[in-house]
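**Student:** Given only the sequences and the hints, what does the whole structure look like? Please build it.
Just so you know, the protein sequences line up as chains E and B, in that order.
According to the numbering used here, the first sequence is numbered sequentially starting from 1.
According to the numbering used here, the second sequence is numbered sequentially starting from 1.
In case anyone wonders, no lab produced these hints; they're calculated from the structure.
Some hints could be false.
Per label pair, the in silico range of CB-to-CB distance [what the hints assert, rightly or not]: (1) B:V60 - E:T82: 44 to 50 Å; (2) B:T114 - E:D18: 41 to 47 Å; (3) E:S26 - B:V60: 19 to 25 Å; (4) B:G96 - E:E17: 24 to 30 Å.
No farther apart than 20 Å at their CA atoms in a straight line, the calculated lysine to aspartate or glutamate pairs in the EDC-like style are these [stated by the list, open to error]: (5) B:K71 - B:D85; (6) E:K101 - B:E82; (7) B:K41 - E:D18; (8) E:K57 - E:E93; (9) B:K71 - B:E53; (10) E:K51 - B:E102; (11) E:K57 - B:D30; (12) E:K56 - E:E15; (13) E:K56 - B:E102; (14) B:K44 - B:D70; (15) B:K36 - B:D85; (16) E:K36 - E:D83; (17) B:K9 - B:D30; (18) E:K36 - E:E67; (19) B:K44 - B:E82; (20) E:K101 - B:D30; (21) B:K44 - B:E58; (22) B:K41 - B:D70; (23) E:K101 - B:E53; (24) B:K52 - B:E82; (25) E:K36 - B:E53; (26) B:K9 - B:E58; (27) E:K59 - E:D83; (28) B:K41 - B:E58; (29) B:K36 - B:E24; (30) E:K101 - B:D38; (31) E:K101 - B:E58; (32) E:K36 - B:D38; (33) E:K101 - E:D83; (34) B:K44 - E:E93; (35) B:K71 - B:D38; (36) E:K70 - B:E102.
Positions of the beta carbon are idealized from the N, C-alpha and C atoms, including for glycine.
Each chain, written out:
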Amino acid sequence: GQQVMQIPQYQHVQEGEDFTTYCNSSTTLSNIQWYKQRPGGHPVFLIQLVKSGEVKKQKRLTFQFGEAKKNSSLHITATQTTDVGTYFCAGPEAGGTSYGKLTFGQGTILTVHP
Amino acid sequence: DTAVSQTPKYLVTQMGNDKSIKCEQNLGHDTMYWYKQDSKKFLKIMFSYNNKELIINETVPNRFSPKSPDKAHLNLHINSLELGDSAVYFCASSQGSGTGYEQYFGPGTRLTVT
Numbered sequence: 001g002q003q004v005m006q007i008p009q010y011q012h013v014q015e016g017e018d019f020t021t022y023c024n025s026s027t028t029l030s031n032i033q034w035y036k037q038r039p040g041g042h043p044v045f046l047i048q049l050v051k052s053g054e055v056k057k058q059k060r061l062t063f064q065f066g067e068a069k070k071n072s073s074l075h076i077t078a079t080q081t082t083d084v085g086t087y088f089c090a091g092p093e094a095g096g097t098s099y100g101k102l103t104f105g106q107g108t109i110l111t112v113h114p
Numbered sequence: 001d002t003a004v005s006q007t008p009k010y011l012v013t014q015m016g017n018d019k020s021i022k023c024e025q026n027l028g029h030d031t032m033y034w035y036k037q038d039s040k041k042f043l044k045i046m047f048s049y050n051n052k053e054l055i056i057n058e059t060v061p062n063r064f065s066p067k068s069p070d071k072a073h074l075n076l077h078i079n080s081l082e083l084g085d086s087a088v089y090f091c092a093s094s095q096g097s098g099t100g101y102e103q104y105f106g107p108g109t110r111l112t113v114t
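**Tutor:** Shown next, in the form of structure tokens:
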């Protein structure tokens, strides 16, 4: 079945440093979604990328979708303590009837030291 | 104005007991989901309903039985609880069941089986 891998599993940074998490799928994705889960909270949708090679920005966050639609990345510039949390990528497998089934990566836990 | 709500927030029970978790969404969405998040934060889909019809049924022990009395509610009943059932259970909803819809998560129910 489809597998979605994320690296790194953990990332500790000093406030102001940049952060990147990478997501790789074993199969082609129809789209990729990113979610953020604060400690003790629930996953919150950040963004969806659909097109091959797509790049989207949200303030200090930059999201990319690979040309082959099998990988994606999230880059945060100049991290802040409010960026602390677990970042998940998730994607439905391209083709077939996945009925909105998202396969989540295992997440990257970001810690920001002030 | 809670979009997706779950009750209870915490559930502590003994092995062998039967328990239920309730979920309600006021977003007017057609599709609802149950996810299990383990201690390593791995998020895995269990079930999905679209307009009260079961559309996703992952490899979950049949001790878990979802029920959707209407499209705004999705409950999860668990029989004969086991230690391995300890986890955080998230309910989520989306506007539709296709692959391009963002999912809105509830606050989670932390289940502890002793």
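**Student:** Decide, hint by hint, whether the structure agrees.
**Tutor:** Structure-based check of each hint:
About 36 Å separates the C-beta atoms of V60 (chain B) and T82 (chain E), a value inconsistent with the hinted range of 44 to 50 Å. Taking the beta carbon of each, T114 (chain B) and D18 (chain E) are about 43 Å apart, inside 41 to 47 Å as hinted. For the pair S26 (chain E) and V60 (chain B), the beta carbons lie near 22 Å from each other, so the given range of 19 to 25 Å is met. At about 39 Å, the beta-carbon gap between G96 (chain B) and E17 (chain E) misses the expected band of 24 to 30 Å.
Of the supplied pair hints, the one linking K71 (chain B) and D85 (chain B) is violated, its CA atoms being roughly 26 Å apart against a limit of 20 Å. Taking the CA atoms of K101 (chain E) and E82 (chain B), the gap is near 26 Å; set against the 20 Å cutoff, the hint is violated. Between K41 (chain B) and D18 (chain E) the alpha-carbon distance is near 23 Å, which puts this suggested pair outside the 20 Å criterion. Using a Cα cut-off of 20 Å, the hinted pair K57 (chain E) and E93 (chain E) is violated, with the two alpha carbons roughly 24 Å apart.
Among the hinted pairs, K71 (chain B) with E53 (chain B) is consistent with the structure: their alpha-carbon atoms are about 9 Å apart, no more than 20 Å. Pair hint K51 (chain E) plus E102 (chain B) holds up; C-alpha atoms about 16 Å apart against a cutoff of 20 Å. Restraint check for K57 (chain E) and D30 (chain B): not satisfied, since their Cα atoms lie roughly 29 Å apart, outside the 20 Å limit. Distance hint between K56 (chain E) and E15 (chain E) is unfulfilled; the C-alpha atoms sit about 23 Å from each other, more than 20 Å.
Restraint check for K56 (chain E) and E102 (chain B): the C-alpha separation of about 16 Å stays at or below 20 Å, so the hint holds. Distance hint between K44 (chain B) and D70 (chain B) is unfulfilled; the C-alpha atoms sit about 24 Å from each other, more than 20 Å. A C-alpha spacing of about 9 Å is found between K36 (chain B) and D85 (chain B), which places the hinted pair at or below 20 Å, so the restraint holds. Restraint check: the Cα-Cα separation between K36 (chain E) and D83 (chain E) comes to about 9 Å, which is no more than 20 Å; the hinted pair holds.
About 24 Å separates the Cα atoms of K9 (chain B) and D30 (chain B), which puts this hinted pair outside 20 Å; it is violated. Our distance criterion of 20 Å between C-alpha atoms is broken by K36 (chain E) and E67 (chain E), whose separation comes to about 24 Å. Note on K44 (chain B) and E82 (chain B): the hinted pairing holds, with a Cα-Cα distance of about 18 Å set against a maximum of 20 Å. At roughly 14 Å between alpha-carbon atoms, K101 (chain E) and D30 (chain B) fall within 20 Å of each other, so this suggested pair holds.
With a C-alpha separation of about 9 Å, the suggested pair K44 (chain B) and E58 (chain B) falls inside the 20 Å cut-off, and the hint holds. For the suggested pair K41 (chain B) and D70 (chain B), the alpha carbons sit about 30 Å apart, so the restraint of at most 20 Å is broken. Between K101 (chain E) and E53 (chain B) the CA atoms are separated by roughly 15 Å; this keeps the pair inside 20 Å, and the hint holds. Distance hint between K52 (chain B) and E82 (chain B) is unfulfilled; the C-alpha atoms sit about 28 Å from each other, more than 20 Å.
Among the hinted pairs, K36 (chain E) with E53 (chain B) is inconsistent with the structure: their alpha-carbon atoms are about 29 Å apart, more than 20 Å. A threshold of 20 Å between alpha carbons decides the hint, and for K9 (chain B) with E58 (chain B) the separation of about 24 Å lies outside it, so the pair is violated. Annotation: proposed proximity of K59 (chain E) to D83 (chain E) holds, straight-line Cα distance about 12 Å (limit 20 Å). Taking the CA atoms of K41 (chain B) and E58 (chain B), the gap is near 18 Å; set against the 20 Å cutoff, the hint holds.
With a C-alpha separation of about 17 Å, the suggested pair K36 (chain B) and E24 (chain B) falls inside the 20 Å cut-off, and the hint holds. Between the alpha carbons of K101 (chain E) and D38 (chain B) the distance comes to roughly 18 Å, so the proposed pair stays at or under 20 Å and holds. Of the supplied pair hints, the one linking K101 (chain E) and E58 (chain B) holds, its CA atoms being roughly 10 Å apart against a limit of 20 Å. Between K36 (chain E) and D38 (chain B), the direct Cα distance comes to roughly 16 Å. Compliance with the 20 Å bound is thereby established for this hinted pair.
For the hint linking K101 (chain E) to D83 (chain E), the alpha-carbon distance of about 27 Å lies beyond 20 Å, and the restraint is violated. For the hint pairing K44 (chain B) with E93 (chain E), the CA-to-CA distance comes to about 15 Å; that is within 20 Å, so the pair holds. Distance check on the hinted pair: K71 (chain B) and D38 (chain B) sit about 27 Å apart at the alpha-carbon level, beyond 20 Å; violated. Proximity of K70 (chain E) to E102 (chain B) is assessed by CA-CA distance (about 19 Å); at most 20 Å being required, the pair is judged to hold.
In terms of the numbered hints stated before, the structure departs from hints 1, 4, 5, 6, 7, 8, 11, 12, 14, 17, 18, 22, 24, 25, 26, 33 and 35, listed from lowest to highest.
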